[in-house]
Amino acid sequence: MDRFEQLGYTSKHPRGAYAVKERAKHVETKLIGVEWNVGKTGKVTPTALLEPVYIGDALVSRATLNNPGFIEALDLKIGDTVAVARSGEIIPCILHKVDA
Numbered sequence: 695m696d697r698f699e700q701l702g703y704t705s706k707h708p709r710g711a712y713a714v715k716e717r718a719k720h721v722e723t724k725l726i727g728v729e730w731n732v733g734k735t736g737k738v739t740p741t742a743l744l745e746p747v748y749i750g751d752a753l754v755s756r757a758t759l760n761n762p763g764f765i766e767a768l769d770l771k772i773g774d775t776v777a778v779a780r781s782g783e784i785i786p787c788i789l790h791k792v793d794a
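According to the numbering used here, the stretch in the sequence shown is residues 695 to 794, in order.
Rather than coming from a laboratory, the hints here were simulated on the basis of the structure. A quick note: this is a predicted structure, and the numbers were derived from the prediction, not measured. We put the beta carbon where it would ideally sit given N, CA and C, even for glycine. There could be a bad hint or two in this list.
To be verified - No more than 30 Å apart at the CA atoms, straight line, and that leaves these computed lysine-lysine pairs for DSS-like:
#, residue 1, residue 2
1, Lys-771, Lys-724
2, Lys-706, Lys-724
3, Lys-737, Lys-706
4, Lys-706, Lys-734
5, Lys-737, Lys-791
6, Lys-771, Lys-791
7, Lys-771, Lys-719
8, Lys-791, Lys-706
9, Lys-719, Lys-791
As the list claims (entries may be wrong) - For each label pair, taking beta carbons as the anchor points, the in silico distance ranges come out as:
#, residue 1, residue 2, range
10, Leu-789, Pro-708, 29 to 35 Å
11, Lys-771, Gly-733, 36 to 42 Å
12, Gly-782, Glu-729, 20 to 26 Å
13, Val-714, Val-792, 43 to 49 Å
14, Leu-743, Ala-713, 31 to 37 Å
15, Pro-740, Phe-698, 28 to 34 Å
16, Glu-729, Ser-705, 29 to 35 Å
17, Tyr-703, Gly-773, 50 to 56 Å
18, Lys-734, Lys-791, 26 to 32 Å
19, Phe-698, Gly-773, 25 to 31 Å
20, Val-728, Ala-752, 30 to 36 Å
21, Lys-771, Val-747, 31 to 37 Å
22, Val-721, Phe-764, 46 to 52 Å
23, Gly-702, Lys-771, 51 to 57 Å
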């Protein structure tokens, strides 16, 4: 019996199977602003406004900044060059500030 069969199955999937994803491709662009959005629960979330740039086939001009602590941790300022990727190939997010 091979290892795959020894691992067995969950109620839906084989335990020996796993997904392999490519590393997110990132591009560099400039942070031109921050927009503060209030969700229906009252949570405030910052959104980066970016110089438009293509990531794959998608034109990206906004990206999530997660929370104010994320902005502080990266020491982001308007005009900084940042690395942006599409998390899960869907949601644009800032990875890090690019050193000048």
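Hints, one by one, checked against the model:
no. : hint                          : verdict
1   : Lys-771 / Lys-724             : holds (10 Å)
2   : Lys-706 / Lys-724             : violated (44 Å)
3   : Lys-737 / Lys-706             : violated (35 Å)
4   : Lys-706 / Lys-734             : violated (34 Å)
5   : Lys-737 / Lys-791             : holds (25 Å)
6   : Lys-771 / Lys-791             : holds (9 Å)
7   : Lys-771 / Lys-719             : holds (23 Å)
8   : Lys-791 / Lys-706             : violated (41 Å)
9   : Lys-719 / Lys-791             : holds (15 Å)
10  : Leu-789 / Pro-708: 29 to 35 Å : holds (33 Å)
11  : Lys-771 / Gly-733: 36 to 42 Å : violated (25 Å)
12  : Gly-782 / Glu-729: 20 to 26 Å : holds (22 Å)
13  : Val-714 / Val-792: 43 to 49 Å : violated (28 Å)
14  : Leu-743 / Ala-713: 31 to 37 Å : holds (33 Å)
15  : Pro-740 / Phe-698: 28 to 34 Å : violated (45 Å)
16  : Glu-729 / Ser-705: 29 to 35 Å : violated (43 Å)
17  : Tyr-703 / Gly-773: 50 to 56 Å : holds (53 Å)
18  : Lys-734 / Lys-791: 26 to 32 Å : holds (31 Å)
19  : Phe-698 / Gly-773: 25 to 31 Å : violated (52 Å)
20  : Val-728 / Ala-752: 30 to 36 Å : violated (21 Å)
21  : Lys-771 / Val-747: 31 to 37 Å : violated (19 Å)
22  : Val-721 / Phe-764: 46 to 52 Å : violated (19 Å)
23  : Gly-702 / Lys-771: 51 to 57 Å : holds (53 Å)
Checked against the numbered hints above, the structure breaks hints 2, 3, 4, 8, 11, 13, 15, 16, 19, 20, 21 and 22 and satisfies the rest.
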